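S.K.: Taken in order, these protein sequences are the chains called A and B.
For the first sequence, numbering that gives the first Met the number 0 assigns the number 0 to the initial residue and increments by one for each residue that follows.
For the second sequence, numbering that gives the first Met the number 0 assigns the number 0 to the initial residue and increments by one for each residue that follows.
If you are wondering where the hints come from, they were derived from the structure by calculation, not from laboratory data.
Values in this document were obtained by computation on a predicted structure and should not be read as measured data.
Just to be clear, a hint being listed does not mean it is correct.
As the list claims (entries may be wrong) - Derived CB-CB ranges, DEER-like:
#1 Gln190/A - Tyr252/B: 30 to 36 Å
#2 Glu188/B - Asp18/A: 37 to 43 Å
#3 Tyr115/A - His15/B: 55 to 61 Å
#4 Lys289/B - Arg110/A: 52 to 58 Å
#5 Gln113/A - Gly217/B: 45 to 51 Å
#6 Arg288/A - Asn353/B: 45 to 51 Å
#7 Pro279/B - Gln113/A: 53 to 59 Å
#8 Arg40/B - Asn289/A: 35 to 41 Å
#9 Gly233/A - Thr10/B: 36 to 42 Å
#10 Asp246/B - Asp149/A: 57 to 63 Å
#11 Phe319/B - Asp18/A: 42 to 48 Å
No residue lacks a Cβ here, since even glycine has one placed at the ideal position from N, Cα and C.
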Amino acid sequence: MDVLGNYKSVISARSADKDIQKKAQDGGIVTTLFAYALEEGIIDGAIVAGPSDEPWKPKPMVVTTKEELLAAAGTRYTISPNLQLIKEATRSYGLDRVGIVGTPCQVQATRKCQLYPIGMRDVDDKIALVLGIYCMENLSYQALEAIVEDHCNQKMESVKKMDIGKGKFTVYTERGAVSQMPLKYIHKYVQPGCHVCLDYVANLADISTGSVGSPDGWSTVFVRSNKGNAVWDGAMAAGLFETKDMADVKPGLDLVKKLATEKITKNQKHVDERKSFGLKSDGTPKALRNPYETP
Amino acid sequence: MSKVVEISPTTRHEGHSKLVLKVNDEGIIERGDWLSITPVRGIEKLAIGKTMEQVPKIASRVCGICPIAHTLAATEAMEASIGVEIPEDAKLLRYILQCANRMHSHAIHNILTLPDMYIPGTDTKINPFTKEEPVRSVALRIQRLREIGQTIGEMVGGEAIHPSNPRVGGMYMNITPRAKAKIYDLAKEARVLAQDQMEFMIAILRNYQNRDFAEVGGTEVPIPKDLGYHNQGYMATDPVYGSSSLDENPTWYPERFTEVRPWDWYMGEMEVSEADPNYPIGGTTPVGTKTWPQMQACTGVPLYDGQPVEVGPRARLVQFKNYDEKGAIGLQIARQMEYPETAYGIINALDALNTSGDVVADYIPQGDGSLGWAANEAPRGTDVHMAQVRDGRVEYFSMLVPTTWNFPTCSRALEGAPWRLAEVIMRAYDPCVSCATHMLVVDEDKRIVTQKLIQ
Ligand SMILES: Cc1cc2nc3c(=O)[nH]c(=O)nc-3n(C[C@H](O)[C@H](O)[C@H](O)COP(=O)(O)OP(=O)(O)OC[C@H]3O[C@@H](n4cnc5c(N)ncnc54)[C@H](O)[C@@H]3O)c2cc1C
Ligand code: SF4
Chain A
0 MDVLGNYKSV
10 ISARSADKDI
20 QKKAQDGGIV
30 TTLFAYALEE
40 GIIDGAIVAG
50 PSDEPWKPKP
60 MVVTTKEELL
70 AAAGTRYTIS
80 PNLQLIKEAT
90 RSYGLDRVGI
100 VGTPCQVQAT
110 RKCQLYPIGM
120 RDVDDKIALV
130 LGIYCMENLS
140 YQALEAIVED
150 HCNQKMESVK
160 KMDIGKGKFT
170 VYTERGAVSQ
180 MPLKYIHKYV
190 QPGCHVCLDY
200 VANLADISTG
210 SVGSPDGWST
220 VFVRSNKGNA
230 VWDGAMAAGL
240 FETKDMADVK
250 PGLDLVKKLA
260 TEKITKNQKH
270 VDERKSFGLK
280 SDGTPKALRN
290 PYETP
Chain B
0 MSKVVEISPT
10 TRHEGHSKLV
20 LKVNDEGIIE
30 RGDWLSITPV
40 RGIEKLAIGK
50 TMEQVPKIAS
60 RVCGICPIAH
70 TLAATEAMEA
80 SIGVEIPEDA
90 KLLRYILQCA
100 NRMHSHAIHN
110 ILTLPDMYIP
120 GTDTKINPFT
130 KEEPVRSVAL
140 RIQRLREIGQ
150 TIGEMVGGEA
160 IHPSNPRVGG
170 MYMNITPRAK
180 AKIYDLAKEA
190 RVLAQDQMEF
200 MIAILRNYQN
210 RDFAEVGGTE
220 VPIPKDLGYH
230 NQGYMATDPV
240 YGSSSLDENP
250 TWYPERFTEV
260 RPWDWYMGEM
270 EVSEADPNYP
280 IGGTTPVGTK
290 TWPQMQACTG
300 VPLYDGQPVE
310 VGPRARLVQF
320 KNYDEKGAIG
330 LQIARQMEYP
340 ETAYGIINAL
350 DALNTSGDVV
360 ADYIPQGDGS
370 LGWAANEAPR
380 GTDVHMAQVR
390 DGRVEYFSML
400 VPTTWNFPTC
410 SRALEGAPWR
420 LAEVIMRAYD
430 PCVSCATHML
440 VVDEDKRIVT
450 QKLIQ
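My request is simple: use the sequences and hints to build the entire structure.
M.R.: Structure, rendered in structure tokens:
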């Protein structure tokens, strides 16, 4: 299997918009593309991880303006059930063309409800733009709190940005402090469900993006589907992005591929181990369920 | 000597029913029984002990054509029992949902009706599935009306089939200004289509009234001028929406309602003595088959002032608009006349809707076991639900649905018609037999209900 999925092109890019650059996690690809798609009528609303009452706890939200998009920019390293709104967006929100951003598993869910719409009437044809963000693993909110407040010794409400990279979980505070935790300690906090995940770079998205492979402040972007291609070309023609050839940037695509391979290999092993997790009384192995196989 | 003919199952309506007909030598019905043979699902009994939030969602599943009626009537029966007044904007959303569902439901019934009707000036029956004009354009217009009705229902109700948005105390969600704008656009489009569809259907129905005969399975059957006439009364609570025991002046009167068993109403055991293998499609029940309406009917027989009554579009027009046309076709025409208000009702309610308004009551009492009822004017007529809620749980639940009211009335209306037109009369009622088959009411229950109601 190609660990990076199907794609038409891969680019290193960042938003040309200074406001977005300031608020975004990396190159501001997601925020810029949604703002463009809203402006052009490609989508009439987007489901993003918006702010909530608790610091760094995301709340899925339907947004229709650039201001709202900016308020939702940046990565929250905890679960944001964005799919919760996929049907409602077409109901009381009255959207005809829905944009959605999500981790690879959320992109999978979106595609699945397009092809096998169980209790998802009239949703499939209203999904207009699916943006994926790379994802190695995710954390519960309590886990995130433990990492920030215990390991990094910072208050959640004083944090300005969190970032995973170069083997560290890094926390930046509003007042300028920086604390780090080595990533090797993260393992016990990871959502157990992430251990069977075989997708790193949101293979099923129209366009997927992440930080890995590109320099700080820049993103690595895979343009995958025909729709993704049309949107990307439009945004480029409108001058919304600065780009660099992927071959010219460091650490480049090799690192993306390396990490993707590591994730998939490790998790495939975990999936396989589930086949013989238990023991029946006759001595044969008793399996835990495998969602990738029909029983 | 009268003979017995049985049409089983009947077709082009919702659910499972049959017609047992005693006919004279000319094939004219002397006495007819139209009865549900849909298995009883017992919603009312299994509701007991469940939460007041859950029961309306279960009741919705009684029927997928008019789930709006059961959701709203059940929810409002709970609200009537616990005594909660819902916010104005929640009421407006429910009203829009009601109109949207009626638009869809009447349109789908057009499809079921048209195959009995003729292209005016010809002896060609209408096949709604043909790709030929002029029928194709009509079918597409019907589909668009349904699509609009269901799309609007989906937006205000959360879902077109089994609406998720209504809840005890109001609605879960208000709609956004964008959704409001979209509904305006759709309703304005439907306003024109509904008018055209109404005029088309009335022309087709009038043409049928003016015909001397209809062809059924190769037989020319004379159409009597009084096809489907009956002398029963009418019952309706509102031109569009309904009424509940919370209203200042409720328009339904529980003390006028009684219910008898099928045993007391339907015919006894008989043997089929006449059959027509050419009756479309597959013929009638073979001669010699035993039939026993008293035992086989799966619905109680509700009475109002001790009599069966007609509910539905004509009943609403008779009560509120002085409509006076009798018979099966008169009922069909009344249904078409309800089209325009489905679109105007939506537009007017939208005008009044505040998309920032609260849609859930601030305080939702949990109930002290008081009896409440709510009537919803479903597409097919008055749908009354009664409930007693205590500490958030349902202690008693009963559904008196439109087709249950119409079964005995329609049975009376069959008299005097050629038996081959019995289904045309039955279809005029737009039967929803799943709706009708909810639970048998036994005598003791009935007594308890009526006593509690009168207190
Ligand atoms: C749990 C998690 C793990 C990640 N792991 C990696 C990784 O291993 N390698 C890598 O290169 N990149 C990873 N990313 C992606 C990266 O952090 C950025 O989200 C991505 O580069 C997009 O940045 P941007 O500047 O283009 O987007 P921005 O313009 O900042 O927009 C980001 C968008 O993502 C949405 N979002 C934020 N948090 C979540 C969430 N928890 N769930 C769903 N949507 C959310 C926001 O609402 C916003 O719309 C991860 C992201 C998450 C949420
Ligand atoms: S690792 Fe996989 S399952 Fe876990 S959040 Fe990321 S995409 Fe979803």
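S.K.: A range of 52 to 58 Å was offered for this pair. Does it hold for the Cβ distance of Lys289/B and Arg110/A?
M.R.: 56 Å, holds
S.K.: In this structure, is the beta-carbon distance linking Glu188/B and Asp18/A contained in 37 to 43 Å?
M.R.: Distance hint for Glu188/B, Asp18/A holds at roughly 40 Å.
S.K.: Is 45 to 51 Å right for how far apart the beta carbons of Arg288/A and Asn353/B are?
M.R.: Cβ of Arg288/A to Cβ of Asn353/B: about 48 Å, so the range 45 to 51 Å holds.
S.K.: Measuring from beta carbon to beta carbon, are Phe319/B and Asp18/A in 42 to 48 Å?
M.R.: Since Phe319/B and Asp18/A have Cβ atoms about 59 Å apart, the given range 42 to 48 Å is violated.
S.K.: Within 35 to 41 Å: is that where the Cβ-Cβ distance between Arg40/B and Asn289/A falls?
M.R.: 37 Å, holds
S.K.: Does the Cβ pair Pro279/B, Gln113/A satisfy 53 to 59 Å?
M.R.: Given a distance of about 41 Å, which is not inside 53 to 59 Å, the answer is violated.
S.K.: How does the Cβ-Cβ distance of Gln190/A and Tyr252/B compare with 30 to 36 Å: does it lie in that range?
M.R.: 59 Å, violated
S.K.: Can the suggested window of 36 to 42 Å be confirmed for the beta-carbon pair Gly233/A and Thr10/B?
M.R.: 53 Å, violated
S.K.: Should the hint that Tyr115/A and His15/B are 55 to 61 Å apart at their CB atoms be regarded as holding?
M.R.: 30 Å, violated
S.K.: In this structure, is the beta-carbon distance linking Gln113/A and Gly217/B contained in 45 to 51 Å?
M.R.: For Gly217/B against Gln113/A, whose Cβ atoms are near 49 Å apart, the range 45 to 51 Å holds.
S.K.: Hint says 57 to 63 Å; check whether the CB-CB distance for Asp246/B and Asp149/A agrees.
M.R.: Holds: the Cβ-Cβ distance is about 59 Å, inside 57 to 63 Å.
In terms of the numbered hints stated before, the structure departs from hints 1, 3, 7, 9, 11, listed from lowest to highest.
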